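Undergrad: Letter by letter, the chains look like this.
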Amino acid sequence: MNWEQLLRPVDEYHAIEHGLTPEEFERLCRALGRAPNLVELGVVSVMWSEHCSYKSSRVHLRKLPSTGPRVLQGPGENAGVIDIGDGLAVAFKIESHNHPSYVEPYQGAATGVGGILRDVFTMGARPIAILDSLRFGSFDHPRTRYLVEGVVAGIGGYGNCVGVPTVGGDTYFDAGYNANILVNAFTIGVLPANRIFRARAAGVGNPVMYVGSKTGRDGIHGASLLASAEFRGEAEEKRPTVQVGDPFTEKLLLEACLELMEQDAIVAIQDMGAAGLTSSSVEMAARGQLGIWLDLDRVPTRAQGMTPYEILLSESQERMLLVARAGCEDQVRDVFAKWDLEAVVVGRVTDDGLFRASYGGREVARLPIALLTDEAPVYDRPARAPSDLDARQRLRLEEIPQPHDWNAVLLQLLDSPNLASKSWIYRQYDSLVRGNTVVGPGSDAAVLRIKGTDKGLVLSVDCNSRYCLQDPYVGAVIAVAEAARNVVCAGGEPIGVTDCLNFGSPEKPEVMWQFVEAIHGIRDACIALRLPVVSGNVSFYNETEGHSIPPTPTIAMVGLLEPVRAFTTQWFKNEGDVIALLGQTREELGASEYLAVIHGQVAGVPPWIDLAVERKVQEVCLRAIREGLLASAHDVSEGGLAVALAECCITHPEAALGAVVELPASMRTDALLFGESQSRIVVSLKRRNWARLRDLAQQLGVPCTMLGEVRGRRLVIHPWIDVECSALREVWASALPRRMELAAVHDEARQG
Amino acid sequence: MRWGVVVFPGSNDDQDTLWAIEQVLCEPAVRLWHKDTDLQGVDVVVLPGGFSYGDYLRCGAMARFSPIMEKVIEFANRGGLVWGICNGFQVLCEAGLLPGALVRNRDRRFVCAMSYVRVEETDTPFTHLCRRGEVLRIPIKHGEGCYVADAATLERLERNRQVLLRYVDSNGRATREANPNGSLGNIAGVVNEGRNVFGLMPHPEHAVEKWMGSDDGLKLFQSVIAAQRGAGAADLTAVAPGH
Amino acid sequence: MRKFTAAFVRLPEEESVRARVFVMPKKEVLDPQGKAVARSLHALGFTEVGEVRVGKLIELELRASDRHQAAERTEAMCRKLLANGVIEDFSFEIEE
Amino acid sequence: MRKFTAAFVRLPEEESVRARVFVMPKKEVLDPQGKAVARSLHALGFTEVGEVRVGKLIELELRASDRHQAAERTEAMCRKLLANGVIEDFSFEIEE
Ligand SMILES: Nc1ncnc2c1ncn2[C@@H]1O[C@H](COP(=O)(O)OP(=O)(O)O)[C@@H](O)[C@H]1O
Ligand SMILES: [Mg+2]
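Chains as they are written, first to last, in the working numbering: chain A, 1 to 752; chain B, 1 to 243; chain C, 1 to 96; chain D, 1 to 96.
With the rest of the complex left out, here is chain A (with noise of 0.2 Å):
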């Protein structure tokens, strides 16, 4: 194609090709007072596509708190800043990759590692651990394992390559996520709190600089195709280009930004990701209340005769746009060909407001730049209940019927993928370069050092679908505490949040209730337990051929803990503890795990929560960590108590320990043992420490209870469960691989 034609204006087809509706489309003609040409066009799409403009999301998210004294920077930059005391702030923040992961799982996978990197590295901080938060369909689907091998190997492949720890994550199997599986990852760095840098243009006349790989045709469109365009089943025939990670380029070019960023040299960096150059460049001219201009000849390519809107709207990876203080583009050349890559000037500063670009000597996009951002549409879209969640909620206990064998449904639940031992996946992830991994995978949340102070940073990620789909309130309200409840149990006080909101398409009032819902849920939980979203991500779409997703909206929580040797693991430790559980049981076993595993049935609403006791019971489990009470902590989630005093015996590194335990028989049984009350926290203390937390639990009104001691290599529930830990670990610890190791035929998959 003659590129030249490219500058044609264009008509409503065109538009619509592009994915924006007839009425965006004339807003657009009437606020440029002409049509666009397809270059423009192609801009103002991926502009204006729900994955940069957040154009069904934002009058909901401004409802999230994202303000407190630790905040340093909230929503709106490449991510969330959180004051840490004594000159130093973390930086943080999550994003999916969840279509192009489903396309190509290595490479999705590897790409979204990738890309959350460079957000953190880009605010001047040194990335110093990834989470991965993973939704998977059921190991029915002959898909499945082909995914997870895929997915695993991916974000393994990039982050150990590029040297930052996986130090956690969380993973779930559900039917629900069968052709749209979920890949969500975290990042958080530290910098000193005074160096943030932010994506903010300033200068007019400073020039704009290009760094890291070379512009190829890859995922062209993929922003406002892949990740906002619903799958139709037809994905792999379109076969988008699909992005290859390259973590070795990310490795120098995070080394060579960090070290640019001790320089004063630069005064505004961002990365390209969904959108490239484009969006890079709009926004951090908006930001500043400036234009920008680019020279698009000088853009360095990788693929031959590419024409300006394929540079423009390009997402390939490892690349990084920057303004550079004028006259320090040699500085700026010279750090990076130490690193063995190049800085090419592209473009400048301007003060039109205008985005502006030229190819061939020609202007081939001149756009205003508020047009593109703040009068980027909005939709309030409608959001409505679906008609049957009263029928999906009800639940008759009175027709469930009790089992006999409680060993078996024991060791049955600690069989089920989403309760089993997820060191088939973390021992694929180096969690120890760098050396700061106090505590990593396999506890209920990691730990570590920051070099050179007595701090340390705990880090969870959280979401129950299941509580979501039967209640999205609540479901959210739980993930934000249980999220918290984690880092507690680890002794970090919880200071910031960041969330990624897995949807379906916003276009049905039913989704769209969902999210709402959920967005209500996340700000009342923050509110109560005093924590600010800092920075999240929106991913909407998730949906094949007209079945979303069930709702997920993933926490990630960060806590501070001081001095990090008083941190707390999630095993038991000492023969002769006494074991003593803070909360209360109630009885519920509505979207419990023991109902979907041994009933089959996903029925009921979500355990109850009030906040107000969550606080207190992650108060009392602090404060007891603070004086040094526990040797153990572990939070109540899925599989409820029975399941959580089994995790407590067999997840020690290297010993598992026994325990007995006495019961009162207060309710059904199965509520009693694997019901999933909220606000529950499994605690071991010497004997001696017993009175003391009794008192501290008095004082804030928490119930806790002497549920038995650490004794023994078997797991003693009077008067219902007896099994040898051996066993259960046995079980826990092949439920992945086995399924995963089932022969290859996951390969067949791949033909979908």
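Treat the hints as calculated values from the structure; they're not laboratory data.
No experiment lies behind these values; they were computed from the predicted model shown.
There may be inaccurate statements among the hints.
As the list claims (entries may be wrong) - To spell it out: a stretch of chain B is covered by chain A in this simulated footprint if at least three of its residues, at any positions, have a beta carbon under 8 Å from a beta carbon of chain A; those stretches are:
1) 46-58
2) 112-123
3) 199-207
Beta carbons: idealized from backbone N, C-alpha and C, even for Gly.
Got chain A sorted already, so can you dock chains B, C and D with the ligands onto it with the hints?
TA: What follows is chains B, C and D with the ligands alone, placed relative to chain A:
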């Protein structure tokens, strides 16, 4: 004594190694940049873990041609102490300073886990503070750590007692189950004939403080320090006890 | 991008033949390995080298009644398993 | 195991030729990838497959004055960088 830690593009555990040396053992150390050609008078050179040059063709294949490696090879040939950890081990094999090669793990997957290794020989500057048969807990993290060599080389390695570490279970038995990557003879670390060049897949720098889960790695670092102190820089191989 | 060397000669009853499968990253897809190898070759003085791409070579032994059938089966294996159609192209040869 | 398709024809002055380098794990070296592929093929019903080995295919563009020189240079690249003689064999072809 002075340690030098080489930094290749893609080195990841370089600063972990420096931490162990400088912060834990309180010994002086310098970074040696891959483009440099001066070893700055160091007494021991460490090639750290990571993914030099992305390990895109073969692990260590490209790093071995970097300018600093020419000097490292010279240094080793003059009897200088050279220690390759993980990726560094792969570089040493590619450079021909150690026999054999490291290929993809038996199950083709990357593995990050605690490993148990048995000290087979103690008459080297790297292991002389250990007991023979002592079991060390040191983590591994690699995708290509399966040690291979042809039969004649293996036979020679065993005969010359060049195998310094073997993967074992917690009881010290070199079983198939205890072998995390399929290495021939459960080999986790080897030394050259001159006993001054050592490569191992486990990461001793990640086992130097109790909170790391083990500080057994210290013994290897301390061996090197003691060997240097004992012998001066002159004759490195004669220090070993039992010789 | 497949290539048959299928000569339609009947092999002596279910004989073993060898197939060589070539799998390459698609043209438009980034090939970080190739890029890195090119850079290293330049650094080693092989400055005459231009583009480099790195793919996989898979050698198979298979029983087949004739070359045509061997080719058909090999192609099926490529489509099903050996090449990832999203990012790779393949071709193959049946041994002469 | 190298193979020259070197025809000693002078190319028009420094023309660009293409070389295909084949790198295979040596027979006696473990090839976990090959084994895994064989297992997967069997599981997919390709039971006629015997041994499988997985190696690398490297395609290069290089400027050379003639095919002979191209072959010489390619061989040097293989020895120096592209293959590791301890575990791999190589062969190559210069494009016809
Ligand atoms: N995809 C994953 N990547 C890394 N670690 C994981 C992943 N999935 C689970 N884990 C780890 O496995 C452990 C158990 O996870 P999970 O069952 O979600 O714990 P909890 O219920 O306490 O939140 C945690 O330490 C978690 O970090
Ligand atoms: Mg969890």
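Undergrad: All the hints need checking, so say for each whether the structure fits it.
TA: Hint-by-hint comparison with the structure:
1. Requiring three or more residues with a Cβ within less than 8 Å of a Cβ of chain A, the coverage given for the segment 46-58 of chain B holds, as 7 such residues are present.
2. With 3 residues bearing a CB less than 8 Å from a CB of chain A, the segment 112-123 of chain B meets the requirement of three and the coverage assertion stands.
3. Counting residues of the segment 199-207 of chain B whose beta-carbon sits less than 8 Å from any beta-carbon of chain A gives 3, enough to reach three: the coverage restraint holds.
In terms of the numbered hints stated before, the structure departs from none.
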